[in-house]
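Enquirer: Protein chains in written order, with the numbering used here: chain L, 1 to 520; chain B, 521 to 880; chain D, 881 to 1179.
Some hints could be false.
Stated by the list, open to error - Each computed PhoX-like pair below joins lysine-lysine, with the alpha-carbon atoms no more than 25 Å apart:
1) D:Lys1172 - B:Lys650
2) L:Lys266 - D:Lys1172
3) D:Lys965 - L:Lys344
4) L:Lys218 - L:Lys447
5) B:Lys723 - L:Lys344
Keep in mind the hints are simulated off the structure, nothing from the lab.
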Amino acid sequence: MQDQFIKMDSIIKVYPPDTLALDDVDLAVEEGEIHSIIGENGAGKSTLMKVLYGMTPPSGGEVHFRGRKVRFATPREAVASGIGMVHQEFMLIPSYTVYENVILGAEPAGRFGTLRHADTKPKVEELVDTYGLTIDIDSRIGDISVGAQQKVEILKLLYRDVDVLIMDEPTAALTPQEAGELFARLRGLNKAGKTIIFISHKLDEVLELSDRITVMRKGRRVTTVDNRGLDKAELARAMVGRDVVFSVEKMPASPGEIVFEARALKYVDENWVTRLEDVSLDVKRGEIVGIAGVEGNGQYELVQLVTGLLPAESGQVFIGGHDVTGEDVMARRKLMCYVPQDRKVSGSAQNMSLVDNAIMTHHRLNPQIEDRCEALLSSGRCRAFTSRLVEDFGVLAPQLDAPISSLSGGNQQKVVVGREFMLDTDFILLDQPTRGLDVGSIEYVQKEIVRRRDAGAGCLLISADLDELFSLSDRILVMSRGRIVAELRPEATTREEIGEYMLGAKEPQEAWRVREGIAK
Amino acid sequence: MKKQVLPALIGIVVALLAGLAILWAQGYPPLQSYAALFSYSLFSKFAFFSTLDKATPLILTGLSAAVGFGSNCVNLGQPGQFLIGAMAVTAFGIAVDLPAGLMIPLSILVALAAGACWSGIAAGLRRRFKMDEFITTLMLNFIADYFTLYLISGPMLDRRMYSPLTPMTNPGAWLPIWNGFGSAFLVAVAAFAVVSVLWNRSKIGYEWRAMGQNPIFSRTGGCRNDSAYLGAMLLSGALAGLAGGLMIMGGMQHRFVKGIGANYAWDGVMIAIVANNNMVATGLYALFFSVLQTGAMGMELETSVPSEFSLVLQAIVVLFVVASRESTRMLINNIAAELRMRRARGRDKGMGDGRHASNG
Amino acid sequence: MHLMVEMIRSSILSATPVLLAGLGGAYTFHANVFNIAMEGMMLIGAFTAVAGSYFSGSWIIGVFSGIAGGLVAALVFAIFVVSLKTDEFVTGTALNMLALGGTTYSLRQLFHVKGAFMSHAIQSMPRWNIPLISGIPRVGPILSGHPFIVYVSILLAFVVEWHIFGTRYGLRLRAVGEDARAVDSVGVSSDRIKAQAIIASGVLCGLAGAYLSLGYVTLFSENMSNGRGWIALAVIILTRGRPMGLLLMSLVFGFFDGLGLSLQGTMIPPQFTQMVPYIATIVALYFYSREKRAAREGE
Chain L
1 MQDQFIKMDS IIKVYPPDTL ALDDVDLAVE EGEIHSIIGE NGAGKSTLMK
51 VLYGMTPPSG GEVHFRGRKV RFATPREAVA SGIGMVHQEF MLIPSYTVYE
101 NVILGAEPAG RFGTLRHADT KPKVEELVDT YGLTIDIDSR IGDISVGAQQ
151 KVEILKLLYR DVDVLIMDEP TAALTPQEAG ELFARLRGLN KAGKTIIFIS
201 HKLDEVLELS DRITVMRKGR RVTTVDNRGL DKAELARAMV GRDVVFSVEK
251 MPASPGEIVF EARALKYVDE NWVTRLEDVS LDVKRGEIVG IAGVEGNGQY
301 ELVQLVTGLL PAESGQVFIG GHDVTGEDVM ARRKLMCYVP QDRKVSGSAQ
351 NMSLVDNAIM THHRLNPQIE DRCEALLSSG RCRAFTSRLV EDFGVLAPQL
401 DAPISSLSGG NQQKVVVGRE FMLDTDFILL DQPTRGLDVG SIEYVQKEIV
451 RRRDAGAGCL LISADLDELF SLSDRILVMS RGRIVAELRP EATTREEIGE
501 YMLGAKEPQE AWRVREGIAK
Chain B
521 MKKQVLPALI GIVVALLAGL AILWAQGYPP LQSYAALFSY SLFSKFAFFS
571 TLDKATPLIL TGLSAAVGFG SNCVNLGQPG QFLIGAMAVT AFGIAVDLPA
621 GLMIPLSILV ALAAGACWSG IAAGLRRRFK MDEFITTLML NFIADYFTLY
671 LISGPMLDRR MYSPLTPMTN PGAWLPIWNG FGSAFLVAVA AFAVVSVLWN
721 RSKIGYEWRA MGQNPIFSRT GGCRNDSAYL GAMLLSGALA GLAGGLMIMG
771 GMQHRFVKGI GANYAWDGVM IAIVANNNMV ATGLYALFFS VLQTGAMGME
821 LETSVPSEFS LVLQAIVVLF VVASRESTRM LINNIAAELR MRRARGRDKG
871 MGDGRHASNG
Chain D
881 MHLMVEMIRS SILSATPVLL AGLGGAYTFH ANVFNIAMEG MMLIGAFTAV
931 AGSYFSGSWI IGVFSGIAGG LVAALVFAIF VVSLKTDEFV TGTALNMLAL
981 GGTTYSLRQL FHVKGAFMSH AIQSMPRWNI PLISGIPRVG PILSGHPFIV
1031 YVSILLAFVV EWHIFGTRYG LRLRAVGEDA RAVDSVGVSS DRIKAQAIIA
1081 SGVLCGLAGA YLSLGYVTLF SENMSNGRGW IALAVIILTR GRPMGLLLMS
1131 LVFGFFDGLG LSLQGTMIPP QFTQMVPYIA TIVALYFYSR EKRAAREGE
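With the sequences and hints as input, model every part of the structure.
Expert: As structure tokens, this is what we get:
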């Protein structure tokens, strides 16, 4: 009865108030296979696994494991039965060491709960060696790389002796090389007898790794197929329901004058670590410049310096020819617009209404929404402005007064993008503009960016999604360790080459090498 | 709007019922006590004017707290700002003797400025030294308390009296009382109107609200959080100071007495909390709390329930309204979720495409 | 010399309520629960302790009543904050108001007085003369003869230090404070740990209140906690919730409190000497913030 290993029947899940996340889903996973679940954001793949893992109870349906009906009330029960999950957002305590994170919840304790590490530490070391995880178990989580943190999550599960590993979008924050290492590790674990369930929306990965693939769309299971001679386009169509265009169509760029320039930017953080060193770049009217890099290599600091949220240690920023180096955020916004990385934290106030979110920055810069008295805003004009935004940017919004949190992620991002683009500036800064969005919204936002470019704006695009960078950018700059190390044209390079520059595996290009002996 | 009114009503009703239960458990006649409570606060001209009189400081301290909390400034220094405002008006009213037409507006300004200065200390410490204003405003309360006590026991003592208090201020600084109606209430209403417009309609008000909801969002959008913070703190302190000043300018005593203002400042904090920093709700709750406090004295007369019972009732109202906000929201969401799920199940049952019936 | 002894003695006496409340607050601090209700819990504990001792004639019952009072207040706080998920700041403030109003109301209800309640029927805590130590010439008079809770609280500081930093529970407690979701994901209920921390703080604050009304003095007066809950909060922030640091810092504050008392009778008006502990808190906060800023700017 091989196919009775994991069996989920007619699972229904409703999130209050009325989101139907899973609509009568069936799933069967065979022992010892690598089974992938694909679907776009919001398809329900993570939710299905959360139900299996006991993180959230199903609203209807049954789960069977090893032939017996089970209902895990907590992840702990699932782990005790042998099913473990590595989450997309790591569940680690930053100030604790690797070892402490591994034992948390299953600590070795003596009388009155006093901790005793004598036997357990060697056991954890042994696991590290057996599975080739190469990490120092005494290092602090906050100090190690994202790839290493993922190894810790896997180690947590191995320590608890699981047979099934659920990986939720594991390559989201990894470079191509690290992703390759992960796949090798997963194959190794699979050979050692572990069953792997792999959740992703990246078709290439899924085709490379899996034995069988389940496709989900809008909370339903569309199909389950063996991975034998599968066509990427077929899969994509099953995922989205229509033909998917894999790259945005755009005309070649015809760049004009420079609308943005950074000269020798340097930033040192509060721990005396230099995060940006001698970064210079420019963006011209009518082009999209992409910045690639592993998160934490200076992109965040670059964005903060350009927007004015952090002061530079040295260097200058020019927008539209003006030196804005000493200017504050609002002054710079007259010349640039900024779509931040985190729409929920930086891009909006979740509890405020749609209107209140839409008028930010416009409240000082846009005289159209003022009242007769200049210090006041006109409620009627603000609403009219918001209605125009909703219409022009295709936002599906119930009411203008509803809190913005009632909108889907994609629609919220459209509000943010719309608000910023309506500032109508020549320079646009975008940081992960399509992260976490469904395919339809991704397409829309990307098309808007290209439209702006064609209308004469210069765009600086920072993205962890190499597909997006390749699709949108006219030029790609690679950042590593706080410096720019390469400039490439998408048609003249590969993802692997970019990955090598990102990791520092390849020497910086001639033009970007640090010049010895020349005073800065 | 409906989403806010419903939980508020539920909370108030439940709290009043709880109060009834407490009274009954202690052997007091519950309904008679409540009847006395409301009749002594609303159902006669004298009662109603007394309620409005008590509402005056409550509205202002409530506004002070609403502006503070709504902007993400933790101003818990209303008690101290209240006292400093009252003291400043007293000192001014004793030292300066001008006709009412000048004295009254000047006194109001003095009260505003004094309160703003006191909150400004905490704001300055926060800006300059990054000191948490939560602690500094609290500590400044005690310092203001002892400082004013020193003044009225020593340099400003009225030596003809037996307890620590100051001489009366000059008559120019007295706010008129027309047939039992204290005009100080009008000052509070005027302040309410100005602050409401400022808060809801002005550009700086928008920045305060945005900063209150998400300071990262407001900063990223270009708002100057630092100056907005200072402005909100100063306004908050000014309003509390005005509340204190009106205590001296209004009423009959016109002196700074030990213990003046009792609990008004902390009541204002609670009012803002239960009103969720909404301007209109703040005004309404201020009136409601005034009804409770004014009526409680009558209740003591009629049925001997100690008047401090109103404090207990206030706190229960706050707890229940706030809890009911959350649980009503959760309850409504859960009900909607249940309905959605039934719809999903029903649809699949009706399809009859071979899927097995969902477990009932 | 005699003055020195007196000052140290009074420092220890004044430090004890702050220490106890601080130890309780350390639990909520590490669990990342914003507990501003310590002032209220202490006040309730002070009242119930006096009531218990008065009606039973025994200080033991009084102490347990004080603990029970703090415990009940903490339960209310926990129900609202953990189960109903109300905002911690709001609930804590409301609880403080309830404590103030409730104890004043009950003062009139039960004892029919306003302001303060004193009576010979209230049995106060015994003082302990530690046999060996009281003999030592210089140190004896300083360390011996305090209400027994003083010694209990010093012992508790060591116990709590071990509990939070050396046991399984402590590891989970601090983890909840950093990332509650991560703790839930390994199957440990972060809600339960938060509730336990709140209850621990209630017990210890109740004990602090009992000390105030049965040990420090023997009476209950309106609002007798008088800001010590806030000072405890400040001390927790300054010491980052480490019990050993709390032990030290609360002594420092006790010193300032006592300083105020001993300056009375000098030229300085009494109201100014009473301000001393509060000014000291602001000054301490200044140094703490400066150190944090300095670390950031790399001075």
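Enquirer: Confirm or reject each hint.
Expert: Hint check results:
For the given pair, lysine 1172 of chain D sits about 9 Å from lysine 650 of chain B by alpha-carbon distance, which is consistent with the 25 Å threshold. Between the alpha carbons of lysine 266 of chain L and lysine 1172 of chain D the distance comes to roughly 24 Å, so the proposed pair stays at or under 25 Å and holds. Annotation: proposed proximity of lysine 965 of chain D to lysine 344 of chain L holds, straight-line Cα distance about 21 Å (limit 25 Å). At roughly 23 Å between alpha-carbon atoms, lysine 218 of chain L and lysine 447 of chain L fall within 25 Å of each other, so this suggested pair holds.
The hinted pair formed by lysine 723 of chain B and lysine 344 of chain L meets the criterion: a straight-line CA distance of about 23 Å does not exceed 25 Å.
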